[in-house]
Amino acid sequence: MKKFLIIGGGLLAASLMAGGAAFAKTTLTMWTFLDVNAKGGRNLALKQMISDFETANPDIKIKVEPQVWSTLAEKFVLGSNAGNAPDIGWVNSENLGFIMNSDAASNLKPLVLDGWSEHQKQDFLLNSSFTAVTDGGSVRAVPLLPSTWVLMYRKDLFDAAGLTAADVATWGGVTKAAKTLTKDTNNDGQTDVWGIGLGLSQERFSVTPAFLATVDGNGGIFDDSCKAKFNNEAGRSAVTMQVDWIEKDKVTPREALAMSSDDAIDQFAAGRYAMMIIANSRYEQLQRTAAGWDGAKLAIAPVPGVKAGKPGPALLVGWWAVQWSKSPNQKAAAKFINYMSGPQGASLWNIPGEQIPTYRSVAERPEMSDPIRQGIRATSEILASSGVLMPGKCNWGRTQADFNLATQQVVLGQAKIEDALREAEQATNDRQ
Amino acid sequence: MNRNPYMRLALRRAALRTVVNTVIVLFALAPIAWGVVSSLKPANQILEVPPRFIPQDVTLEHYERVIGDKGLLFLGNSALVSAITIVFALTIGSIAAYAIARYEFSGRRILMIFTIGVMSIPIASLLIPTFTLLSVVGLINTHVGLILLYTAYQLPIVIWMLYGYFLSLPIEVEQAARIDGHTALGTLRRVVLPLSKPALVAAALFVLVFSWNDFVVAVTMTSSESVRTFPVAVYFYLGFYGREWGPLLASAVISIIPITAIFIILQRYFISGLTGGGVKG
Amino acid sequence: MFSSEKFTPYRLVGLAVLVELGFVIIPLVIGFWYSVNRVQFFQIRGFTGLENYWRVLNSPSVANALTVTIAFSVISLFLTFVIGFGLAMWLERSNRLNGVMQAVVLIPYMIAMLVGSMLLKWVFSKESGLSDLALAPMGMGDVSILANPDSAMAALVYNAVWRDSAFAMIMLLAGLKSIPAHLQMAARVDGASAWYRFRRITLPLLQVPIFITVVRLFIHLVNTLTYPLILTGGGPGTSTETVVLKMYRLGFNDNVLGQANALAIMVFIVNIALVALLLRLFKKAGKIQ
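Here the protein sequences line up with chains A, B and C, keeping their order. In short: position in the first sequence from 1, add 15, done, that's the numbering used here. In short: position in the second sequence from 1, add 1, done, that's the numbering used here. In short: position in the third sequence from 1, add 1284, done, that's the numbering used here.
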């Protein structure tokens, strides 16, 4: 009888505890630019991930609040200062400076990374990326969706002109190829296909070739104390190249001065450019929206190098997860970040998300050899061979816009190249 | 023979009228019409060069998409925020305007200058301090927070308009009401406001234009979908991985429809409401 | 005036003052506090006195923004006012057609500025193919409106005129309607010419509405962010970067909140000064008390 009571009591206690746990649900709020209710591979991947995670962890619920991507990092830090940031936030590489220079983000080393097995660490392809987000032994962010900038070109036009990817391995080669590719196809006296597209606007800008050429020729743009240095030979020749494309070589429309990166990409999709430097993540969108040409003919090449024999830098950029340092749900939030960045998460980001694999085991699975993943494969190879990190502590979020402005000023004759670059350098330094 | 020159003059006038009116219509509506036409095209025909003024295929897919993306929720949020802002701004504004119009008190002049001063502040400069403030008082990411901000931004204009209108009303009726024992608020409610309907409508329309259309404030002060207003949703279609012209234009067109309808219904009050007071000093 | 009850007016204006203090003045004070500090990544890093003001005043890009703002607001104010006045006179008589026309003119005013500027950007950009279609017959097929400093500024002004003429129109229309009809009639009977009537009756009696229209338009044009942000992005180069856009960028893109707020405070002071100046001018010219 006594024994029975003890067992019964134990059962009761156990069931109470279980019941208690089931009722004490933790709801985690996450800010991301993705929207689990929208279409698109990455949205689906996140949706699947959340549902899998919630099934495995019935005491945790994930609430996604989609945000305007461009102000996500700012709002996260502002919210943190005011005491109401979400438990988890997404931050893009260019804005890691916000995280690294504030106390908004938890140290994820003990919370997430120390829990990784030796095998997982070996399997992970982006271990070096942690150097960008490590400060005094604390790791402030974990990479989720890596991407990089690549040279996209239209293979149909290249074939017709007898060009191959080898011809555009250097910026000099790009200029030469662009001259061949720029054409007035219907003989109305106006160019319809331009050699290379640019979006040089200050708003909604993205990558600018002069920046990549400077990082290459100059060996980065910052010194160890985040002081920008690019008003030199490397910077000047890079900006001059862009100016010449518009003014001298006439391989880029002057309209580029007024175009955002989205504008230029739309033009590329509409068949008006032969080449463009674009984030690899746009590959699928471009193939889908290609109008007047066959999207299957879209090809990817590494960023051209300044000198022959060495490809340009494939800057590792993309989205990172951070955890709010004052979140009351540290453990639960870390658990989900761990899941999103772990092998299971990575495999979902890869398919259906169509993102670059972050684990070797994901990269080597049979689905990756499907011809439709040719773009991701090509990008992964480029990243593996010439991936470069920008320092997370330095703020280069608008440095590409500074290069754009410098290019514009020279084209418009508003400044000499030295002055324009000095201003750009100053602008970047003012933000540190 | 005698009437002929008049006829010719009348004809010429009619022709001139038609030409000028056509130019006005084109000037005002062409960009909007182009947006409407494009929103009805399938995605791959929107960017077609040269453009077609009459779409080859007509589709409502972009509209379905916008509604499917919780468009109705966001429209509802916008309507809720706008409606309550109008009530707040008009209530608080009419009381204040009445005091300024009908009482002589020290500080009155300063108050009037203060009103113009508040109107001269670039709202963009207040965004970050306001974000901090709302976070501290717990109003960030709430309907109430947005409503109070919009009320604060629109009050000066409401006060200015109603003040002018109240001045134009004959004071004798009010004096009679006061003698009958009505309080200041009672007089305002029972005598002044019923006489000021056109001015109230005109002021409400100005507030509506602001609160229905604001995007800069809303995008900064809200983060969750349950509070998101429609213009912010429009902005979302500018997208990250590529802009989506179809839904972007469709949502733009949707945002235009309700406010245009309200304006057309209330148009006759609008100008008479301004006539009485909005344009008086 | 009811002057007997001493405290009533204060009670009546109390709520309005409270709302303004809470949601406009306190943020303004916080902004001022930012402006005398070094603020980095949204955190105050130390008191710097007037250094931010000094840096802003010495910045060539701010000087450029000032020139741009003056050019933009003066040209836009002039055109908006003239066109708005013209529309008001043209559509003054009450009839069905004019009612419809007024509604048509008002549509660009009441739709979201974001939407309007986006639509115009699309019309002006080469992307839509519309500008090519319009310019090619004039042999300007390669001209890109938004990529040339002068035409980009013209586009920006066009945006302002397109939307804000309606505002000028309704304000002035309301003013016109409040002119007693018998005055015009009497002058007409006396055989006064249209020009004479306009100068001697309409203009003098419209002084107050004109003043109010000009002030409100002016404040709006100087403080507007949406037009340059959405339509031209301040470009090409910095040829359409207005002071408010510059301020926005200093705050949200460059994260130098101290400088952004220093600029904001200065814009605010200049605004007030200009309104006061306008008031003086009108006082001198007429009978605004």
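Hints in this document: simulated from the structure, not taken from any laboratory. A portion of the hints provided could be inaccurate.
Covered, in the sense of this in silico footprint (three residues per stretch, anywhere, with C-beta under 8 Å from a C-beta of chain C), are these stretches of chain A [to be verified]:
| # | region |
| --- | --- |
| 1 | 226-239 |
| 2 | 269-278 |
| 3 | 315-325 |
| 4 | 347-355 |
| 5 | 421-431 |
| 6 | 440-447 |
Lysine-lysine pairs mimicking PhoX-like chemistry, simulated, CA-CA at most 20 Å apart [stated by the list, open to error]:
| # | chain 1 | residue 1 | chain 2 | residue 2 |
| --- | --- | --- | --- | --- |
| 7 | A | Lys194 | A | Lys263 |
| 8 | A | Lys198 | A | Lys265 |
| 9 | B | Lys198 | A | Lys54 |
| 10 | A | Lys76 | A | Lys341 |
| 11 | A | Lys78 | A | Lys346 |
| 12 | A | Lys265 | A | Lys40 |
| 13 | A | Lys350 | A | Lys136 |
| 14 | A | Lys350 | A | Lys78 |
| 15 | B | Lys198 | A | Lys62 |
| 16 | B | Lys198 | C | Lys1461 |
| 17 | A | Lys263 | A | Lys431 |
| 18 | A | Lys78 | B | Lys71 |
Among chain A residues calculated to face chain B with C-beta under 10 Å, some are [said to hold, decoys possible]:
| # | residue |
| --- | --- |
| 19 | Gln82 |
| 20 | Val83 |
| 21 | Gly177 |
| 22 | Ala180 |
| 23 | Ala181 |
| 24 | Thr185 |
| 25 | Thr200 |
| 26 | Ala306 |
| 27 | Asp309 |
| 28 | Ala311 |
| 29 | Lys312 |
No residue lacks a Cβ here, since even glycine has one placed at the ideal position from N, Cα and C.
Right, here's what the structure says about each hint:
Interface restraint, the region 226-239 of chain A with chain C: violated (0 residues with C-beta to C-beta distance below 8 Å; minimum three). With 8 residues carrying a beta carbon less than 8 Å from a beta carbon of chain C, the region 269-278 of chain A meets the three-residue requirement, and the given coverage holds. Counting residues of the region 315-325 of chain A whose beta-carbon sits less than 8 Å from any beta-carbon of chain C gives 0, not enough to reach three: the coverage restraint is violated. Figure legend: the region 347-355 of chain A, annotated as covered by chain C; annotation inconsistent (0 residues with Cβ-Cβ distances under 8 Å, at least 3 required).
Counting residues of the region 421-431 of chain A whose C-beta sits closer than 8 Å to any C-beta of chain C gives 5, which meets the bar of three, so the coverage hint holds. Against chain C, the region 440-447 of chain A contributes 3 residues with a C-beta closer than 8 Å to a partner C-beta. That satisfies the three-residue criterion, and the hint holds. As the CA atoms of lysine 194/A and lysine 263/A are separated by approximately 11 Å, the hinted pair is consistent with the 20 Å bound. Only pairs whose Cα atoms come within 20 Å are accepted, and lysine 198/A paired with lysine 265/A is accepted, the gap being roughly 11 Å.
At roughly 48 Å between alpha-carbon atoms, lysine 198/B and lysine 54/A are farther apart than 20 Å, so this suggested pair is violated. Restraint check for lysine 76/A and lysine 341/A: the C-alpha separation of about 19 Å stays at or below 20 Å, so the hint holds. For the hint linking lysine 78/A to lysine 346/A, the alpha-carbon distance of about 16 Å falls within 20 Å, and the restraint holds. A threshold of 20 Å between alpha carbons decides the hint, and for lysine 265/A with lysine 40/A the separation of about 62 Å lies outside it, so the pair is violated.
The hinted pair formed by lysine 350/A and lysine 136/A meets the criterion: a straight-line CA distance of about 17 Å does not exceed 20 Å. Proposed proximity of lysine 350/A and lysine 78/A is supported: the alpha carbons are some 15 Å apart, at most 20 Å. With a CA separation close to 52 Å, the supplied pair lysine 198/B and lysine 62/A exceeds the 20 Å bound. The hinted pair formed by lysine 198/B and lysine 1461/C meets the criterion: a straight-line CA distance of about 17 Å does not exceed 20 Å.
For the given pair, lysine 263/A sits about 16 Å from lysine 431/A by alpha-carbon distance, which is consistent with the 20 Å threshold. Distance check on the hinted pair: lysine 78/A and lysine 71/B sit about 16 Å apart at the alpha-carbon level, within 20 Å; holds. Because the beta carbon of glutamine 82/A sits about 6 Å from the nearest beta carbon in chain B, less than 10 Å, this interface hint is met. The beta carbon of valine 83/A is positioned within 10 Å of a beta carbon in chain B (closest approach about 6 Å), and the interface hint is therefore held.
With a least beta-carbon distance of about 27 Å to chain B, the hint placing glycine 177/A at the interface is violated under the 10 Å criterion. Against a cut-off of 10 Å between C-beta atoms, the interface hint on alanine 180/A is violated, since the closest Cβ of chain B lies about 25 Å away. A hinted interface residue such as alanine 181/A counts as satisfied when its beta carbon comes closer than 10 Å to some beta carbon of chain B; here the least separation is about 30 Å, so the hint is violated. The interface hint given for threonine 185/A is violated, since its Cβ lies 29 Å from the closest Cβ of chain B, which is over the 10 Å cut-off.
A distance limit of 10 Å between C-beta atoms decides the matter here; for threonine 200/A the minimum to chain B is near 12 Å, and the interface restraint is violated. The beta carbon of alanine 306/A is positioned within 10 Å of a beta carbon in chain B (closest approach about 5 Å), and the interface hint is therefore held. Given hint, aspartate 309/A at the interface with chain B, is violated; its Cβ is 13 Å from that chain's nearest Cβ, farther than 10 Å. Annotation: alanine 311/A was flagged as interfacial toward chain B, and the flag is violated, the nearest CB pair being 15 Å apart, outside 10 Å.
At its closest, the beta carbon of lysine 312/A sits 16 Å from a beta carbon of chain B; the interface hint therefore is violated under the 10 Å criterion.
Checked against the numbered hints above, the structure breaks hints 1, 3, 4, 9, 12, 15, 21, 22, 23, 24, 25, 27, 28, 29 and satisfies the rest.
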